[in-house]
Every structure is written in C-alpha cells, then in structure tokens.
Amino acid sequence: MAFVLSNLASGISLGMVFFLIGAGFSIVLGLMGIVNLAHGALYMVGAYVGWTIAVQLKMDFWLAVFVGGIAGALVGLLIERLFLRRLYKQPNEQVLLTFGFVYILSNLVIWIWRGHRRLQFTAPYLYGPIEIGGISFAKDRLVIIAVGVILAIALWYFENKTRTGAIVRAGMDNKEMTMALGINLERVFTFVFALAAFIAGAAGVIGAQLLGAYSWMGTDILLYALIVVVVGGLGSVQGSLLGGLVIGIVDTFGKALFPQFAMSTIYVAMIVVLLAKPSGFLGRKI
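Offset between the sequence shown (1-based) and my numbering: plus 244.
Quick caveat, the hints were computed from the structure, so don't treat them as lab data. Remember, predicted model here, so these are calculated numbers, not experimental data. There is no bait here: all hints are sound.
Below, computed lysine-lysine pairings styled on BS3-like, alpha-carbon distance capped at 30 Å: (1) K419 <-> K405; (2) K499 <-> K383; (3) K419 <-> K521; (4) K521 <-> K405; (5) K302 <-> K383.
Label-pair distances were calculated between CB atoms; the ranges are: (6) V512 <-> F327: 35 to 45 Å; (7) H360 <-> N418: 46 to 56 Å; (8) R358 <-> L425: 47 to 57 Å; (9) G344 <-> I379: 42 to 52 Å.
Each residue gets a CB set at the ideal place from its N, CA and C atoms; glycine is no exception.
Could you build all of it, start to finish, from the sequences and the hints given here?
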C-alpha cells in the first residue's frame, strides 16, 4: 500500500507539472489556432530565471515563481507581437518559426547560464518528507499538487464565470461571429497568449522542484505538453488537467513497475486513448 500511495503522489505531482505546461499550450492552440512549439522553451526560460532568483540571489522561492512567470510572459509577448501576429492561419509557418525560437532560446540559455544543468531546487522549508497516515511524502510534491489544484480552479473560474472567459469560449467556437459583435479579439488573443506564457514560465520554476533545469528541456517538456493536449483534448482546461494526471501517473508507475519500457508507457496510454476517443477525453469541437 505504501508503494502504491507513494508512487500515486509522485505521479499526481508530475501530472500537475504536465498540466501547467499543457493548459497554456492547449488554450493558445484552441483559441488562436497558433501552434506554439516555443511553449516548452518559455518553460525553460522560467526555470533558469527562477533558479537565478532562488539559488544564486537566495531570494524567496515564490518570488522566483512569479519572476519566472513574468520572464516567460515577456518573451512570449515579444514572440506574439513581433512575429506570430503576422502568421495567423498559417500553421506551417508557425511551426517553423516557433521551433526556430526553441533553438534561439536554448542557445541564449547556454550563453547566459553556460548551459550547465541545475539540480532541483525549492524553498528551504519544503525540503524533506512529511508523514501522513504512517506514509512519508515529499513536501515539495504535495505543494506542487496544491498549486496545480489552485490553478485548475482559477482557470475554470476564469473560463466559465468571467466575461473575458466567455469571450475566450466564444472565440474558440466562432471567431467571426464573436468579432461581428464588436469584440476586440486581437486584444483578447494578446492577453491569453501572455497568460499562457506566464503560466509556462511559472511552471518552469515549480517543475524545477522535480526536474531541475537544463538547456534542452524546452523540447523534452514540449513533447509531454503535446501528449497531454492529445490525451486531454484540445482547448479544454479540464481536459489538460485530466490528461496531465493520466500521463503523470502512467509515467511514474511505468518507470517503477516496468523500467525497461519506461519510455514507451506514455505512448501506449496515448494510443489507447486515441483509439477509444480520437478527440481526447474532453476535447472541444472547434
């Protein structure tokens, strides 16, 4: 039982990191139709900026999360305003451009931080285990789960209970009709892209508690984000949450039970979901 619960907690915490990176990617693709392959690189930028704040400057970890999010948002806004805005409804060009930014940002990280891998870091008071019901759990993993739950509730509230969220949903369903009602979707697009980039940057710092930071992580985490979107369904925050949890749990138990097949378990899970429901668990029809 201890083995199951311990790995379940690890899988859920890892799944929450996947949710954090997958949610923004899914919303941007669902609303704006932009295939932003640089989303994982924004995660990487946030992780390194957060490492600088929390480890080098020895400042508060949650300040590092916020500053990492701001760094991701600023870089994301620069990409959207200067480049992607000219490439709406041009998916091939978007893929080439944003994948190019993966290399650009990776090389900037190598230039600024010398490309050395940074070990996992967190707040000093989050180091070590905490015992619940006679079973030890890592404090930082429980905090990641809590942050993921809070963000999922906040995004659900934003999407379903606010005017901007209603505009986002309307834009996903019918962009032309939404614009015909006099709504400035361009401004909404910019806000959503910045929000997704902020979440990606903050997720880089939160995820660094488990994965650390390294210069090629932009492509690694992007792969997980794509799988989460495919499994959970495009354009759905709830789908990204469900997809992230499924992939995180499958990945953790796969590595624990079948280490020789560790790299293939998440792909098997994705194939099974696609065979059962090609649109993903909670995919929107857009």
